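Chemist: For the sequence shown, our numbering assigns the number 63 to the initial residue and increments by one for each residue that follows.
Worth flagging that the hints you see were computed from the coordinates, not collected in a lab. Keep in mind the model is a prediction, meaning the values are calculated, not measured. Each residue gets a CB set at the ideal place from its N, CA and C atoms; glycine is no exception. Hints are supplied without guarantee of correctness; some may be wrong.
[Claimed, not checked] Restraint-style ranges between C-beta atoms, simulated for each label pair:
hint	residue 1	residue 2	range
1	Gly364	Val98	21 to 27 Å
2	Phe411	Leu319	40 to 46 Å
3	Val297	Gly94	17 to 23 Å
4	Tyr208	His315	19 to 25 Å
5	Val86	Ile188	19 to 25 Å
6	Gly94	Gln281	24 to 30 Å
7	Ala257	Gln314	34 to 40 Å
8	Ala365	Gly248	33 to 39 Å
9	Gly364	Trp118	17 to 23 Å
10	Phe226	Trp118	52 to 58 Å
11	Gly364	Ile294	36 to 42 Å
12	Gly248	Pro368	34 to 40 Å
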Amino acid sequence: MTHPATTPPRSGRRWSHLPGTGPVARLLLTGGLCLVLVAVAGVQLGAVDLTWSQVWAGLTGDSSEHVQRVVFELRLPRTLTGALIGIHFALSGWLLQLLSRNPLAEAGILGISAGASLVAVIAFIIGDWMVSSADPYNNTSFALQYLPLFAMVGGLVTALAVYFLGMRHGNLSPVKMTLTGAVIAGMLHALTTGALAFWGHAHTELVAQWLAGSLYGAQWQHLRTLLPWTLIGLVGVALLIRPLDVMQLDDQHARTLGLGLNRWRAFALLIATLLAASAVGVVGPVGFVGLLIPHISRRLAGANLPVQLVLCVLLGAVLAVLADLLGRTLFTPYEVPVGVVSAILGVPFFLYLLSRQP
Numbered sequence: 063m064t065h066p067a068t069t070p071p072r073s074g075r076r077w078s079h080l081p082g083t084g085p086v087a088r089l090l091l092t093g094g095l096c097l098v099l100v101a102v103a104g105v106q107l108g109a110v111d112l113t114w115s116q117v118w119a120g121l122t123g124d125s126s127e128h129v130q131r132v133v134f135e136l137r138l139p140r141t142l143t144g145a146l147i148g149i150h151f152a153l154s155g156w157l158l159q160l161l162s163r164n165p166l167a168e169a170g171i172l173g174i175s176a177g178a179s180l181v182a183v184i185a186f187i188i189g190d191w192m193v194s195s196a197d198p199y200n201n202t203s204f205a206l207q208y209l210p211l212f213a214m215v216g217g218l219v220t221a222l223a224v225y226f227l228g229m230r231h232g233n234l235s236p237v238k239m240t241l242t243g244a245v246i247a248g249m250l251h252a253l254t255t256g257a258l259a260f261w262g263h264a265h266t267e268l269v270a271q272w273l274a275g276s277l278y279g280a281q282w283q284h285l286r287t288l289l290p291w292t293l294i295g296l297v298g299v300a301l302l303i304r305p306l307d308v309m310q311l312d313d314q315h316a317r318t319l320g321l322g323l324n325r326w327r328a329f330a331l332l333i334a335t336l337l338a339a340s341a342v343g344v345v346g347p348v349g350f351v352g353l354l355i356p357h358i359s360r361r362l363a364g365a366n367l368p369v370q371l372v373l374c375v376l377l378g379a380v381l382a383v384l385a386d387l388l389g390r391t392l393f394t395p396y397e398v399p400v401g402v403v404s405a406i407l408g409v410p411f412f413l414y415l416l417s418r419q420p
């Protein structure tokens, strides 16, 4: 007689315990499939649509020089860069919302993107004075080397200001933090416009396009500049998973469990700012991705933070690539910056969230 502990499981139940067959796995697989499809469409569609066979031939080098240039030098780096900025802004918004317990927290709304933009524009102006050129596009490589660093300084200073000004009686007030961020963002936008007007240079057109959050002209250099910050941000977010889970309790219970709240909150704010500001430094501010994607991820994953994290990565990349694809195909031969399309998609959702706030 076989002991119950050694009896093989029935075939009907055996498959439910295998990895990859549960609802979470199916959810993540669907998100990954959506990302692949949108990425393929981003490489295939544009001013000149290509067939799947032409895309594959362009990637493998078995096509004409023109097709290979369109696929490998123009659309592929642009699509991959779009995916990375979507990941950056989505994870930044997710961290800020968990950190502040504020469903309206996002790098653009809290002024972090505006602070990053202002310092990046100032750095761009100073860099132009230092490395002057008759062609306004010649200094792009110079700017890409330093803009993410300067943008992170501006974003971090702004984040700290909003964080401390949003405190009330020693506790973080979500409403006060949001209002403070909106006021500071407005002031910083005005200063950025004033800096551009003071500059009055041929670069103004280039910087104005960058401030709209544009992937136009994104090249492999943009991807190489952004990728190290992506990896650093992902490692930082992974380290924050357990502290963030404890932070969802009230402060007294979190401290009882031995969590150093101030230290981990500062680290979470640093990673959120690094992710958002580095993306701003490369392609400019792209709003509402960090507001929309964390809410969708929470709705799909519930309170499971690791699943929320993976969904933010997948869906953030999907939304950014999709917004860029719509912006450059709906009005061909004209292009709408990805930041404008994401705002059009995100504003109705933002108004819906505001209507539900007490």
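Chemist: All hints, please: hold or fail.
Modeler: Comparing the hints with the structure gives:
Restraint check, Gly364 to Val98: a C-beta distance of roughly 25 Å satisfies the suggested window 21 to 27 Å. Restraint check, Phe411 to Leu319: a C-beta distance of roughly 34 Å breaks the suggested window 40 to 46 Å. Distance hint for Val297 and Gly94: a CB-CB separation of about 21 Å, consistent with the stated range 17 to 23 Å. The hint said 19 to 25 Å for the Cβ distance between Tyr208 and His315, and at roughly 43 Å that hint is violated.
Take Val86 and Ile188: their Cβ atoms lie about 49 Å apart, and the range 19 to 25 Å is violated. Taking 24 to 30 Å as the suggested C-beta distance range, the pair Gly94 and Gln281 conforms, at roughly 26 Å. The beta-carbon spacing between Ala257 and Gln314, approximately 45 Å, falls outside the hinted interval of 34 to 40 Å. Restraint check, Ala365 to Gly248: a C-beta distance of roughly 35 Å satisfies the suggested window 33 to 39 Å.
Under the hint 17 to 23 Å, the C-beta atoms of Gly364 and Trp118, about 39 Å apart, miss the expected range. The beta-carbon spacing between Phe226 and Trp118, approximately 53 Å, falls within the hinted interval of 52 to 58 Å. Hint check: Gly364 to Ile294, Cβ distance near 28 Å, so the stated range 36 to 42 Å is violated. Distance hint check for Gly248 and Pro368: the Cβ-Cβ separation is about 36 Å, which falls inside the suggested range of 34 to 40 Å.
In this structure, the hints that do not hold are numbers 2, 4, 5, 7, 9, 11, in rising order.
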